[in-house]
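Numbering (this note's numbering) for the sequence shown: 34 to 1271.
FYI, nobody ran anything at the bench for these hints, they're computed from the structure. One or more hints might be untrue.
Quick list of simulated restraints, FRET-style, between CB atoms [stated by the list, open to error]:
| no. | residue 1 | residue 2 | range |
| --- | --- | --- | --- |
| 1 | K751 | E782 | 19 to 25 Å |
| 2 | T747 | P1224 | 49 to 55 Å |
| 3 | Q850 | Q331 | 42 to 48 Å |
| 4 | G631 | N215 | 30 to 36 Å |
| 5 | D409 | G1265 | 54 to 60 Å |
Even for Gly, the Cβ is constructed at its ideal location relative to N, Cα and C.
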Amino acid sequence: MSDRRFTPTQQAAVDHAGHDILVSASAGSGKTTVLVERVIQKILNGTDVDSLLVVTFTEAAASEMRQRIQTALRKKASEATDKAVQQRLRQQLSLVPTAQISTLHAFCLQVIKHFYYVIKLDPAFRLLSDTAERLLLEDQVWQRVREEHYQSNDALFYDLAQNFSNDRNDDGLTNIVFELFNFSGANPAPDEWLQSLTAPYEVPETGLTTSAYFKTTILPKLEATLATCLKDLALANELSQTNEKFAVYLPTIATAQAALTAIQANAATLSWAQWRTQLTDAQLGPAKRTKKLEPDEQYDKDRIKNALDNVKGALNDLLTTYFVFDEAQTSQIQRRAGELVGKLVTVTRDFKQAFQAEKKRRYLLDFGDLEHFCLDILAGDTPESEAARTFYQNKFSEILVDEYQDTNQLQETIIQTIASQAPRNVFMVGDVKQSIYAFRLADPSLFLGKYDEFAKPDNDSERIILAENFRSRRNIDDFVNLVFKQIMDRQLGQLDYDHNAELQYGATYYPDDQPTQPTELLLYETKPTDEESTGKLDKAEGQIASVAQRIKRMIDNQETIWDRDTQEIRPIRYQDIVLLTPTRNNNLIILDYFQRFGLPIVISDAQNYFQTTEIQIMLSFLKIIDNPNQDIPLVSVLRSPIVGMNENELALIRINDKTDDYYQAVFNYLDQFEAQKSGQLGQQVFEKLTHFQTLLNELRAIARQRPLVDLIWTIYQKTGFLDYAGGMPAGRQRQANLHALYERAATYEANGFKGLFQFIQFIERLQKQDKDLAQPTSLANQDAISVMTIHGSKGLEFPVVFLMDANHQFNEQDLRQNYVLDDQSGLGIVYLDAKKRLKIPTLPELTITTQKRQKLRAEEMRKLYVALTRAEQRLIIAGSCDNQAKLFATWQKGQQNPDLRLDASVRQASTNLLDWIGLSLIRHPQARDWTDEGTPFLPLSGDATEFNLTFTSETRLGELPGALHHDQDWSQQQQVALKAVDLTTDLANGIQDQLTFNYPAKGATETTAYQSVSEVKRLFEDPDNDQLGQLRFDADTPQQTHRYVTDELPQPQFMQTVRKASPAEIGTATHLVLQEIDLTQPVTIDRVQSVIGRLVLQKSLTANVAQQIKVAAIMTFFESELGQQLLAEPAQVHREVPFSLLLPAAPLFAGLRPEDQDNVLIHGIMDGYVTTDTDCILFDYKTDFVNPADPEAAIEAIKARYAGQINLYSAALTQIANRPVTAKYLYLLSIGQLVAIN
């Protein structure tokens, strides 16, 4: 039993055992705390930490979990009074670094390293961890496989390529092959999954409706639609009988009910033709007119009309979706499409095998291989596989899986393979409402299946619900529950938002005397009905400016929050605020506007890299360097700041040559130019084109002869584009983007790939996959507003949350291609009738698209849940709309439903998060004054949720800071402003004083505030240096500031060619090993080598460096007198201790006047020291070479070299420990000798 106060359900999650457990942990319910406590309690009850397998979703989560377990164990050890318990906890602490607390990929890697021989794998492999390198290798292999198929003259392959390609390229075929390859990789049996893709296209001789696919997939959908239609008709019939004015609807309803009931009764036996005929006959006729109605009667009529419209729409959808063609035509399409899918499966397998062979040839494994090879090892039927499987089943007493909702079928199979069968021992924790990683092929149905099964009384497994939210104030919980109990159910959200799913208020630590603030909706109108708009701000700019203004007001008015750390109410700070965005597209606009308002901001996610202007320009430039006969990239460069041509100048080139491509038109203009016949515009065009042509020729020559990095850097230098980008809004971010392009080019060539054309193709593929070339770094500010995507915010919490761009349209791009993929339903393609040039959706494509759309809606719903539940105390939802009237008209569609849960068709028709929120809120009593229509919605009459709605517009925002007038540029505005100034004598003198002002302590402004030990240690070569005078540099050496620096800049990492580990690298590695060795255990060669192996595994050391660490030298150190003292008193030993020390600037730098005095911060890290009751002993490891020809002289030289550094450490340690340093030692590892420093 844990000693911390937990809720009963949390305690159950900590204590229960002996069977599989699924913990459904809502947002803020403390799942990580519970997971850590469960581990601690198991250790206290006798389980070793290295007998637990703790699986996390990310490496960062694994690191945090490991740290929290270590912290908890240290706390328990310090509190323990029993020596045996204390010793055991210390032993467990020593095991934590090597315990299996990791991602599943890392665990799989361990399995492969231990049991590689089971699958006859060469152990000398390298992990292909760089995504870009993997994509490059895939491209290389695919090009070879594709060419082989083209050369085979296979007519079916040509049909396949035509079906998925356009008139310019066959990228469509490439995309579908890669997607199939990736989808199959998430399946435990990828070849079988690929082979199953053809089954839905099989048509038996007995007809379409007798096929297995129709019976198992299409027929249930038809029956479900019929049931929904009959339900709507029953409602319409019931309402029509309440008022004689509605009797006109009854005949139509009765006819439809009879027709649909007959279809429903015979659904299993109807032929294709009968389905078409009977559905057509069952369609409803035109709407009936009723007599004049009273307002309360109109409400019921609207409900009748809505129900009948739903029926009409559903029947029409069935006919236009499945039954467009007769059975013969549909069967022919199915069979022909099935042949193409079969060929596609063959091509994908060929690529898969070729890619695997190429990786094997290069001794590479990628992350997909890790999981599949691990499963091959564990699930095989050989004696070796059985031994490996038994080893892990016996090794792990329990398997704990964090974020279980984000696992896929392959990962689930691995976990179940190593789980104990009796008793079961898998502990899974997660929240399916936060499963938002479908793009990573996460499968929430695994969680949902156990969620239902484990709740059954006769199931041996257990489901535990953690519903209390200990993160958020009650107003946040109320708002989330208000929205989700109306929009989320199993039909659309894959989970019923019932009492088990609702958030329960648990954050009772918030003070009662600080009132909660209502949730705010802040919406920008682009076309307000009562105002004129100039259109200066688009919808993105409008809502961003509105949010910036709201934050500015929040800070200026000192609106408050409760500080959980200090336990006090305080004003909101910038760092309390986060902006959550559905995409990164508007990040640079956010950066621009927030800078105008003077709001500090840090962007965690870079904008979509390829959408940025500067990268688009560079990619266009690279394209025309490779091939200038490309009109769009060429005009992009000419129009860009690199050349600087305007529309009139570009038009003049085309007027001069109206028929050739644009590059030829440029050539012709230069060739035919006659200065005397050209006006000023023509001369300007000639000069710009002449300069551009010279530059282009030079760059094309560089591209043929020199590396890509030289080409890109030459572009930056010759054009000044890098500097220009720095002067644009968000300039530093743009420069970071350009540097990222340069660095990726270096990595591209370092991996053995060459050529500008291939590089451009590689970039285009990354662009299509929405993968950044690199992760450009934005400069952070400690007290700054954060901006991140909703995906990036998962697992985090913030006092104040702004959900941005809530009106952003759902991304349905995957549904608009000529194929649709689903890990469970398979592949649906659009068949191209080449003769008729007609694209025809196949039956699998139609059904999978419907399923996929529902899954996408469910994922969007879960993203909304994640976004709203990040808020601790304040929640503001920002968006935009045309105007209030149109927005409310959309939201009022939900008022026609008398049930608490909104009608499925209304929810399905919504295309953004804002509409889901609005549909839920408009029925609330607080929204009654939003419109003049509607009646009170009784199910929400007692709901206490508080929220408010504010509309802004261009007029209401007023003049924005930093915004320029459109009819004047900045310089013109300044000139006008200056002319209006009355320059009096006093004002002129004041300006003169300001311009000629000399700061009295100028020397202090030129003196660094920070120095590292390595830079300043020369001053401390003797303790008396501060008495001997100031250090002066050579008078011939110009010094611009008071700071010591190294003489040379470090070489960029990508330019370094390291063939063997340098002495400095070996020295750093040796220091790391000495730091990591457990001093509470005897130091043996095996323990030292174990530490080295662990550091290599953790990627703290490379294998190359690790092999050159002198283990014998480390052993010699611990056999020395100092080493023995460290082992004898490990609690008094302090290793790798960082320190900061303030020293006066005057003793450090010459030329400082008394009034310039200031302090300099010295920062460094000591290798270690030992404390006693009265003094300290300082020691430092050195790996310097000692010349055996004259060791005494070499040792003296080393002592002189490091005396300053050690004396500086000593001065810092005296202040830190508040006791004298009585001994200072260097331990020379190369000769195993301890040297005293006087």
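The hints, checked one at a time:
At about 21 Å, the beta-carbon gap between K751 and E782 stays in the expected band of 19 to 25 Å. For the hinted restraint 49 to 55 Å between T747 and P1224, the CB-CB distance of approximately 52 Å keeps it satisfied. Judged by the Cβ atoms, the range 42 to 48 Å given for Q850 and Q331 holds: they are separated by roughly 44 Å. Against the hinted window of 30 to 36 Å, the Cβ-Cβ separation of G631 and N215 comes to about 45 Å, which falls outside the hint.
For the pair D409 and G1265, the supplied restraint of 54 to 60 Å is violated, since their beta-carbon distance comes to about 47 Å.
In this structure, the hints that do not hold are numbers 4 and 5, in rising order.
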